[in-house]
Amino acid sequence: MKLISKKKRRGSNEKVKNIINTDSKFAIVEGYKSARTSLVFSLVAENNPCVAVTSWSKGEGKSTATVNLAISFAKMGKNVLLIDTDLRRPNIHNLLKISNSTGLSEVVGQLTDFEDAVNRSVVPCLDVLTSGSIPPNPSELIGSSAFTSFINMAKNQYDYVILDTPPIGVVTDTLLLKEHIAGYVMIVREKVTTHGEIEKAVQAIKLADSKILGFLKVGCSLQDRKRYKGNNYGYYKYY
Numbered sequence: 035m036k037l038i039s040k041k042k043r044r045g046s047n048e049k050v051k052n053i054i055n056t057d058s059k060f061a062i063v064e065g066y067k068s069a070r071t072s073l074v075f076s077l078v079a080e081n082n083p084c085v086a087v088t089s090w091s092k093g094e095g096k097s098t099a100t101v102n103l104a105i106s107f108a109k110m111g112k113n114v115l116l117i118d119t120d121l122r123r124p125n126i127h128n129l130l131k132i133s134n135s136t137g138l139s140e141v142v143g144q145l146t147d148f149e150d151a152v153n154r155s156v157v158p159c160l161d162v163l164t165s166g167s168i169p170p171n172p173s174e175l176i177g178s179s180a181f182t183s184f185i186n187m188a189k190n191q192y193d194y195v196i197l198d199t200p201p202i203g204v205v206t207d208t209l210l211l212k213e214h215i216a217g218y219v220m221i222v223r224e225k226v227t228t229h230g231e232i233e234k235a236v237q238a239i240k241l242a243d244s245k246i247l248g249f250l251k252v253g254c255s256l257q258d259r260k261r262y263k264g265n266n267y268g269y270y271k272y273y
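The opening residue of the sequence shown carries number 35 in the numbering used here; numbering runs sequentially from there.
Hints in this document: simulated from the structure, not taken from any laboratory. A hint or two may mislead.
[Said to hold, decoys possible] Keeping only pairs whose Cα atoms sit at most 16 Å apart, straight-line, the calculated EDC-like set for lysine to aspartate or glutamate is: (1) 92 <-> 231; (2) 245 <-> 80; (3) 109 <-> 193; (4) 189 <-> 80; (5) 189 <-> 213; (6) 245 <-> 224; (7) 112 <-> 193; (8) 240 <-> 213; (9) 212 <-> 150; (10) 92 <-> 224; (11) 212 <-> 231; (12) 212 <-> 64; (13) 109 <-> 64; (14) 245 <-> 233.
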């Protein structure tokens with residue numbers, strides 16, 4: 035699985051709703067920049083360029099927030115790899131309008147090389163590896179030595195590796211990633227995610243002997259603009 039410099043892009047240049055681009059509102063772009071800055075310091079402290087983004091349940095905007103974080107990192111001019119590790123209900127390819135004919139499943143299963151599966155320069159400095167086909171054994175694939183070898187290779191070749199993961203309250207696949215990452219970013223949605231769900235997520239990650247690097251709150255209403263200093267997105271460190 036050798037990385038080479040060949041550039042490839044399979045998909046459309048169509049702008050997708052809720053994905054940050056040149057037409058996005060200033061407050062939203064700045065909100066993700068703020069989250070990125072906090073997260074960069076956390077990754078440096080942990081000496082690990084890999085982070086997993088999760089939520090408690092589906093429908094909280096996790097995959098959209100993960101894509102936007104990855105784009106924000108890429109805007110620093112750093113080489114970023116975004117990987118869809120949700121091998122049950124993948125969504126990254128839908129959000130970015132790119133092919134999902136081959137991806138993580140095929141690379142880890144050694145059915146294809148990384149170069150044949152990765153989508154190069156989806157935006158400048160951002161490569162994307164979609165999930166690929168849905169395997170019959172997602173947990174075993176994520177927990178395999180082949181996955182470990184792949185992640186180590188990716189961390190050696192990219193400045194940052196960002197993983198979109200399944201909701202932690204739905205399946206346990208996400209916790210299998212703990213050995214590879216600096217920690218988790220938890221997506222919480224205004225008026226959807228409950229305090230009880232946040233507490234359960236914190237406890238599950240602590241019991242797995244890992245850590246939450248921060249919370250990214252999405253979906254704040256316009257009425258909350260003053261409360262959240264004008265940003266529709268906020269980032270909160272967890273200690």
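Pair hint residue 212 and residue 150, alpha-carbon separation not exceeding 16 Å: Given that 16 Å is the threshold and the Cα spacing comes to 27 Å, the pair is violated.
Hint consistency between residue 245 and residue 80 [alpha-carbon to alpha-carbon, up to 16 Å]: holds (11 Å)
Pairwise hint evaluation, residue 193 against residue 109, where the allowed Cα distance is 16 Å at most: Measuring from Cα to Cα gives roughly 12 Å; hence the hint holds.
Straight-line alpha-carbon gap residue 245 to residue 233, limit 16 Å: holds (13 Å)
Hint consistency between residue 189 and residue 213 [alpha-carbon to alpha-carbon, up to 16 Å]: Roughly 13 Å between the alpha carbons, so the hint for residue 189 and residue 213 holds.
Proposed proximity, residue 193 with residue 112 (alpha carbon, max 16 Å): Since the Cα atoms of residue 112 and residue 193 sit roughly 6 Å apart, the hinted pair holds (cutoff 16 Å).
Given pair status - residue 224, residue 92, alpha carbons within 16 Å: holds (14 Å)
16 Å limit on alpha-carbon distance, applied to hinted pair residue 240 and residue 213: holds (13 Å)
Agreement of residue 189 and residue 80 with the hint, judged by alpha carbon distance not exceeding 16 Å: The given pair, whose Cα atoms are some 14 Å apart, holds under the 16 Å limit.
Agreement of residue 212 and residue 231 with the hint, judged by alpha carbon distance not exceeding 16 Å: violated (20 Å)
Residue 212 paired with residue 64 [C-alpha distance capped at 16 Å]: Between residue 212 and residue 64 the Cα gap is close to 29 Å, so the pair fails against 16 Å, i.e. violated.
Given hint residue 64 paired with residue 109 - CA-CA distance at most 16 Å: holds (12 Å)
In this structure, the earlier hints numbered 6, 9, 11, 12 are contradicted, and the remaining ones agree with it.
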